[in-house]
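Heads up: the sequence shown runs through residues 91 to 228, numbered per our numbering.
It cannot be assumed that every hint is accurate.
List of simulated lysine to any residue pairs, SDA-like, C-alpha gap at most 25 Å [as the list claims (entries may be wrong)]:
| hint | residue 1 | residue 2 |
| --- | --- | --- |
| 1 | K181 | I149 |
| 2 | K181 | T131 |
| 3 | K181 | N109 |
| 4 | K181 | E116 |
| 5 | K181 | D153 |
| 6 | K181 | H146 |
| 7 | K181 | A117 |
| 8 | K181 | S110 |
| 9 | K181 | G165 |
| 10 | K181 | S118 |
| 11 | K181 | T129 |
| 12 | K181 | A124 |
| 13 | K181 | T114 |
| 14 | K181 | N145 |
| 15 | K181 | S137 |
Computed beta-carbon distance windows for the label pairs [unchecked claim]:
| hint | residue 1 | residue 2 | range |
| --- | --- | --- | --- |
| 16 | N154 | T97 | 29 to 35 Å |
| 17 | D152 | I99 | 27 to 33 Å |
| 18 | C188 | G103 | 24 to 30 Å |
To be clear, the hints were calculated from the coordinates, so they are not data collected in a lab.
Note that the structure is predicted; figures quoted are calculated from it, not measured.
Virtual Cβ for every residue (Gly too), placed ideally from N, Cα, C.
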Amino acid sequence: MPIAEGTSINWVGSSTPVNSASWTPEASACILLAIGMRTVTIVPTVSGNGLSWTNHTDITDDDNQNRIFLFRASGSGSAGAISVTVTGNAKPVCCAACAFTGVDTAVNDGVEAVSTYRSPAGDDNDLLGSVTTLTDNA
Numbered sequence: 091m092p093i094a095e096g097t098s099i100n101w102v103g104s105s106t107p108v109n110s111a112s113w114t115p116e117a118s119a120c121i122l123l124a125i126g127m128r129t130v131t132i133v134p135t136v137s138g139n140g141l142s143w144t145n146h147t148d149i150t151d152d153d154n155q156n157r158i159f160l161f162r163a164s165g166s167g168s169a170g171a172i173s174v175t176v177t178g179n180a181k182p183v184c185c186a187a188c189a190f191t192g193v194d195t196a197v198n199d200g201v202e203a204v205s206t207y208r209s210p211a212g213d214d215n216d217l218l219g220s221v222t223t224l225t226d227n228a
């Protein structure tokens, strides 16, 4: 089965928690949630949709001013919002979630399907991080 992108949602906030609009993830989808923050001292927590969210990637820029997190979840979720808690934060937090179907999530909640590039080489100020599959059609 080919991998397909399903629902995508984006939201921005600064108070805690930062909540998405209500949505229902597709059954057995692999959901990736990117969180960008203008602080490096706070580690967010994620809850919502009846799913267990795992912090998969944590990237801090070379200037030590910005931080990006990538969380993942899979399984049969329920309708509701994704809630990102950033205790003590007063700066903008940008969030984007995307659900992918056709991803093999049978092994370790899909961790076998996701690999990470930990940090941009040098200081190119773009906070680029990529997500790739370890195997084709994973």
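These are the hints, each one checked on the structure:
| no. | hint | in the structure |
| --- | --- | --- |
| 1 | K181 <-> I149 | holds (18 Å) |
| 2 | K181 <-> T131 | holds (12 Å) |
| 3 | K181 <-> N109 | holds (15 Å) |
| 4 | K181 <-> E116 | violated (32 Å) |
| 5 | K181 <-> D153 | holds (17 Å) |
| 6 | K181 <-> H146 | holds (23 Å) |
| 7 | K181 <-> A117 | violated (34 Å) |
| 8 | K181 <-> S110 | holds (17 Å) |
| 9 | K181 <-> G165 | violated (32 Å) |
| 10 | K181 <-> S118 | violated (34 Å) |
| 11 | K181 <-> T129 | holds (7 Å) |
| 12 | K181 <-> A124 | holds (16 Å) |
| 13 | K181 <-> T114 | violated (28 Å) |
| 14 | K181 <-> N145 | holds (21 Å) |
| 15 | K181 <-> S137 | holds (20 Å) |
| 16 | N154 <-> T97: 29 to 35 Å | holds (34 Å) |
| 17 | D152 <-> I99: 27 to 33 Å | holds (30 Å) |
| 18 | C188 <-> G103: 24 to 30 Å | violated (18 Å) |
Of the numbered hints listed earlier, those contradicted by the structure are 4, 7, 9, 10, 13 and 18.
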